[in-house]
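Enquirer: In case you want the letters, here they are:
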Amino acid sequence: MTELKQGHLQGTTLYSYTRMFHEGKATMEDLIREVARRGQGPGLEVIGFQSIRNWPNPGAEFIKSFRAIMDETGLIPTSMAVNADIGLRRDRNLTHDEMIDYMAAQINMASTLGFPVARVQISMTPDVMEALLPVAEKANVKLGLEIHSHHSPRHPEMVAHRERYEKLNSGFLGFVPDFGTTCIGMPPSLIEKYRKTGVPEEMITELEALWQVHHSEGAPHDGPTQGKRMGQVAGIAAKYGFGETAIDYAINHCGLFGHADPEEWRDIMHLVWHTHGKFFGMHDGVEPTTPLPAIMKVYADTGYTGSISSEYEGFHWNNWSNPFDQVDAHQKYIREIMEGYGYQVRTKA
Amino acid sequence: MATHDTILNSKSLEVIPDGLSLALTIPWYRSLWVSSISSIAVTLDGQELAQDKMSFRINGKRFTLDEVPNQWEELWFMQDRAYLDMHLGAAGAVGSDHTITFHIELRLPYMQIKPGFYLPNIVHQTVTLKVQG
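Protein chains in written order, with our numbering: chain A, 1 to 349; chain B, 1001 to 1133.
Calculated directly from the structure, the hints in this document are not laboratory data. Virtual Cβ for every residue (Gly too), placed ideally from N, Cα, C. Treat each hint with caution, since some may be false.
To be verified - List of simulated lysine-lysine pairs, DSSO-like, C-alpha gap at most 30 Å:
no. : chain 1 : residue 1 : chain 2 : residue 2
1   : A       : Lys-193   : A       : Lys-138
2   : A       : Lys-25    : A       : Lys-348
3   : B       : Lys-1011  : A       : Lys-193
4   : A       : Lys-167   : B       : Lys-1053
5   : B       : Lys-1053  : B       : Lys-1114
6   : B       : Lys-1011  : A       : Lys-25
7   : B       : Lys-1053  : A       : Lys-228
8   : A       : Lys-239   : A       : Lys-5
9   : A       : Lys-239   : B       : Lys-1130
10  : A       : Lys-25    : B       : Lys-1053
11  : A       : Lys-5     : A       : Lys-297
12  : B       : Lys-1061  : A       : Lys-25
13  : A       : Lys-297   : A       : Lys-167
14  : A       : Lys-196   : B       : Lys-1011
15  : A       : Lys-193   : B       : Lys-1130
16  : B       : Lys-1114  : B       : Lys-1011
17  : A       : Lys-196   : A       : Lys-167
18  : A       : Lys-196   : B       : Lys-1130
Unchecked claim - In silico contact screen, one side only, chain B against chain A (beta carbon under 8 Å); selected entries:
no. : residue
19  : Ser-1031
20  : Ser-1035
21  : Gln-1112
22  : Thr-1126
Start from the sequences, fold in the hints, and give me the full structure.
Expert: Next comes the structure, spelled out in structure tokens:
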């Protein structure tokens, strides 16, 4: 048998266990210890505004205890997810300078806590990213713009980012792909939840059919297309008497389960520092919504050695399965796929 | 979707000296500035409450519902409760049941879809809760 090549670094994000944290059933420390006990690392991703009180100023005691638990468990900080709250004021958006300060505080704390990457999101223009470059370089933290449905690598906004990053060629500005960008269907567990909560069968059929129509048209490349699609979904929900939450259906359907071809990831792999292995639920050892064999083929072909967080998002609707079991199954599936492509996923520090 | 079913639980309805209070968990997966709340509306036992009969309590501070959207330095942490106080003129009765329709709209300050327009998150729930002792 041929020797396997070194693959990506396995990991998880505390986002996968949001429901347990949100319901007060686990502290941040409880979750980290369970991640370590189950061997779901070594990579560990955290959302600052989720897990950490008073983010991005958590205080010396927190910093000390976080570093101590990383040392003790052998987990490795991979990505700190930071947020660009440009609309936090009602009277106006944050100015360019205010945004730089708002982001710099989070990037600097990511560095203090030992994270090599800060995940940033849309709201960041190429200009703001470029202005943050000195902050990133000084903190030695790479910035990864998340490409999340409904965006995709070939969406003009993302292309503009890529072109700027390539021009600057800094080694600090890049991307964090989210696998929810490249789906092939709606999650079976969501459909199950709809049935459990009395959504009429006709409405489910219409929603699934519409998703397929959007899929055949491909990922949207402009706002009006996305807006039109959301309106179509909301229209179906309203027709069946779910007017109060129609926008919610629209956000779910058009915001979570993206339509791009996994091959598009090839465009940006040279600028990928970290990855969100987004998934919505494992069924019989397979993830039916995000086509991992096709996605991981791109990662194998391009020799990606960065980190991948298994990012379970079925918790939004699924209150019956254990998120730690979900991550276990997802990581096992990815290890098997990568072995098939000749790679040994790194599961040790 | 998103964490809607965690905003209220069976222990959420409490007594205050002049009415009832709902203990709320933020209906989103991260902490948000209180300014992210666009509006709150409550129907209590079939009666819609006037906005000035409610106030919002968080981090030891109290705000009128008019003031809430301007609190952009007050963070609602994921694991903390905020309280919607309903001022009814007299303390609620422990052990009594109330049917409440709770409606809250958030705007997510980091998800600007087009200039000045942010992705909303709307929770609309009707629940029957027992007043806790």
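Enquirer: Determine for every hint whether it applies to the structure shown.
Expert: Verification of the hints:
no.	hint	verdict
1	A/Lys-193 - A/Lys-138	47 Å, violated
2	A/Lys-25 - A/Lys-348	28 Å, holds
3	B/Lys-1011 - A/Lys-193	24 Å, holds
4	A/Lys-167 - B/Lys-1053	57 Å, violated
5	B/Lys-1053 - B/Lys-1114	35 Å, violated
6	B/Lys-1011 - A/Lys-25	15 Å, holds
7	B/Lys-1053 - A/Lys-228	39 Å, violated
8	A/Lys-239 - A/Lys-5	54 Å, violated
9	A/Lys-239 - B/Lys-1130	34 Å, violated
10	A/Lys-25 - B/Lys-1053	33 Å, violated
11	A/Lys-5 - A/Lys-297	14 Å, holds
12	B/Lys-1061 - A/Lys-25	26 Å, holds
13	A/Lys-297 - A/Lys-167	28 Å, holds
14	A/Lys-196 - B/Lys-1011	24 Å, holds
15	A/Lys-193 - B/Lys-1130	27 Å, holds
16	B/Lys-1114 - B/Lys-1011	39 Å, violated
17	A/Lys-196 - A/Lys-167	51 Å, violated
18	A/Lys-196 - B/Lys-1130	25 Å, holds
19	Ser-1031	5 Å, holds
20	Ser-1035	6 Å, holds
21	Gln-1112	5 Å, holds
22	Thr-1126	10 Å, violated
When held up to the earlier numbered hints, the structure conflicts with 1, 4, 5, 7, 8, 9, 10, 16, 17, 22 and fits the remainder.
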